[in-house]
Amino acid sequence: MKLRPPSSSSAPSILPRVVGLFDRRVNAGIAAIPAGPRTDAALVRLSTSANNAVLWYVAAAILACTGRRGRRAAVRGLLSLAGASAFANIVAKPVFGGPRPVIEEIPLARRLRVFPTSASFPSGHTASALAFATGVALESPLRGAVVAPVALAVAYSRLHVGAHWLSDVAGGAIIGSGAAVLGRVLLPVRARG
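Under the numbering used here, think of the first position of the sequence shown as -13, with each following residue one higher.
There may be inaccurate statements among the hints.
[As the list claims (entries may be wrong)] Simulated restraints on C-beta separations:
1. Ala139 with Arg97: 17 to 27 Å
2. Pro174 with Ala17: 35 to 45 Å
3. Ser35 with Arg10: 19 to 29 Å
4. Ala27 with Glu90: 16 to 26 Å
FYI, nobody ran anything at the bench for these hints, they're computed from the structure. Glycine included, each C-beta is placed from N, C-alpha and C at the ideal position.
Sequences and hints are given; from them, build the entire structure.
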């Protein structure tokens, strides 16, 4: 019997099933990690602090107090965040959408007080976090290195609290970083001087 490659009509339908299976396994694995009450509470707070970009506005205000490069980094970070957030929420979520993880499968201590009801893909929190961190890093690599771990922690927190699948977080990371890089093309970094 000769094996044939999948037809073009069947190949696209396989990918979402494979990604979905992988997502469910990753989320089940994360839910099974015994993080402890302090870690659970900290990640719930971190995830919630990123609602409506509040965390990033605070970070931008702090950066703006660190001199001219800090102000430029804050502005680029916020502009990147605005572009990524708009694309993720206005374009990508309505087009790609998808259901969120089942809240009952998330340990009680990790659940958000208000579980999101918007489409799951992509993670807007992750898109905003990575856009801000990448935008900051484009203006000031040192400041970006300080912000990046917080952005990555926000991305992980969305998995930990069960608000997103891994593919949602990966999509958000690509959108966020991409928005910052596109912003650099459209508004180049000025010469340091």
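Unmet hints by their number, sorted upward, for this structure
As far as the earlier hints go, not one is violated by this structure.
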